[in-house]
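Visitor: Work out the full structure, taking the sequences as your base and the hints as a guide.
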Amino acid sequence: MSATDSGAALESPCLTAKQAAAYLHLNEKKLYELANSGEIPAARIGGKWLFPRQLLDDWLLEQAHGGLFTDRLLIAGSGDPLLAAAVDALAPDLGAQALVAYSATGAVPGIEQLVRRRVELSLLHWGDAQHSVAQHATLLRGYPGHARWTLVRVALREQGVLLRPRFAGQPLEKLAGQEMRWAMRRAGSGSQHFLASALTDCGIRVEDCSAVTIARSERDAVALLARDDADCAPGSRAAATEAGLAFLALGWAALDVALPREVFFRHLFQQLLARLGAPDLRHLAARLGGYDLTSLGHVLPL
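Under UniProt numbering, the first residue of the sequence shown is numbered 1, with each subsequent residue one higher.
Fair warning: there could be bad hints in the mix.
To be verified - Result set (PhoX-like, lysine-lysine): computed pairs, CA atoms no more than 20 angstroms apart in a straight line:
hint, residue 1, residue 2
1, 18, 48
2, 29, 48
3, 30, 18
4, 18, 29
5, 48, 30
Stated by the list, open to error - Each pair of labels, with its calculated beta carbon distance range:
hint, residue 1, residue 2, range
6, 47, 227, 44 to 52 angstroms
7, 71, 203, 16 to 24 angstroms
8, 186, 147, 24 to 32 angstroms
9, 206, 141, 20 to 28 angstroms
10, 95, 173, 47 to 55 angstroms
11, 229, 297, 35 to 43 angstroms
Derived by calculation from the structure, the hints in this document are not laboratory data. Computed from a predicted structure; not experimentally measured. Positions of the beta carbon are idealized from the N, C-alpha and C atoms, including for glycine.
Guide: Written out as structure tokens, the structure reads:
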């Protein structure tokens, strides 16, 4: 890199492939391999790779032992009351020394955030518990950078339909009738995927249900039912119990978290696992119902 190019690299917020390769002391072929696999922060614009310099600096420090963001744990993906409670319980212990934050984006959007390195963990459940290991591995292998991830079991969780109390006891076939107002979830939601599979098993299409609105998250679905804006929505037993709603059980799903391998050994992630397994959280899981924490912390094949 010439002195002129070097100066431009130091001033510009984005580097070309040639500049980035020189900046990182890599050859361009290796840089392109890292960019195409999603292992390095980069954006492809108009057929040309650009590399944000600040993110490259962060990435370099992250590769060093300990990493830059060991004081931060950002979680996305499927929403879950127990995980939310664990994050809330951990926050006072951390104070201003570290940040653990959780945004329930839905399973697939959470994985996409993980790909872009915007979060460290992505919670997911995709299909029934019995086939979860294969289904989760298949889902994750469809994304660049999955080879550096690992998969950790959080719990088994009972899935089904959240119901306003006056509809308690109604079978799924009746709920699929046109008179019922559904708050459906967006495509990419694990709860929506589970419901669609259950309806298919009954010979019913999701399109046959009368959807009046789309819930952005499980908590949004609960709020819609509480406001009488909908009668039913896909969700978990835990969410129904927490909100005083009725619940129609449809089966069990596996809650797993996908994360880069180096994050697994971070103190913050191990603290989060320990908090989930603490007696008060296990007591909460029992009160909410629909949880099996037997396999909490088990590393799964990916």
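Visitor: Does the structure keep residue 30 and residue 18 at a Cα separation of 20 angstroms or less?
Guide: Given pair residue 30, residue 18 holds - Cα atoms ~11 angstroms apart, limit 20 angstroms.
Visitor: Could you grab the alpha-carbon distance between residue 48 and residue 30 and see if it respects the 20 angstroms cut-off?
Guide: holds, 16 angstroms
Visitor: Can you let me know if the beta-carbon spacing of residue 206 and residue 141 is within 20 to 28 angstroms?
Guide: holds, 26 angstroms
Visitor: The hint says 44 to 52 angstroms between residue 47 and residue 227; measuring C-beta to C-beta, is that right?
Guide: holds, 48 angstroms
Visitor: Holds or violated: residue 18 with residue 29, Cα cutoff 20 angstroms?
Guide: Holds. Residue 18 to residue 29 sits at ~10 angstroms (cutoff 20 angstroms).
Visitor: With respect to the beta-carbon atoms only, verify the hint that residue 186 and residue 147 lie 24 to 32 angstroms apart.
Guide: Holds: the Cβ-Cβ distance is about 28 angstroms, inside 24 to 32 angstroms.
Visitor: Note whether the CB distance of residue 71 and residue 203 lies within 16 to 24 angstroms or breaks it.
Guide: Cβ of residue 71 to Cβ of residue 203: about 52 angstroms, so the range 16 to 24 angstroms is violated.
Visitor: For the pair supplied as a hint, residue 29 and residue 48, is the alpha-carbon distance within the 20 angstroms limit?
Guide: Status holds; Cα separation ~14 angstroms.
Visitor: Take the C-alpha atoms of residue 18 and residue 48, compute the straight-line distance between them, and say whether it is at most 20 angstroms.
Guide: holds, 11 angstroms
Visitor: Between residue 95 and residue 173, does the C-beta distance stay in 47 to 55 angstroms?
Guide: 52 angstroms Cβ-Cβ, so the 47 to 55 angstroms window holds.
Visitor: Quick check on a hinted range of 35 to 43 angstroms for residue 229 and residue 297, using CB atoms only.
Guide: Since the Cβ atoms of residue 229 and residue 297 sit about 39 angstroms apart, the hinted range of 35 to 43 angstroms holds.
This entry does not satisfy hint 7, going by the numbered hints stated previously; all others are met.
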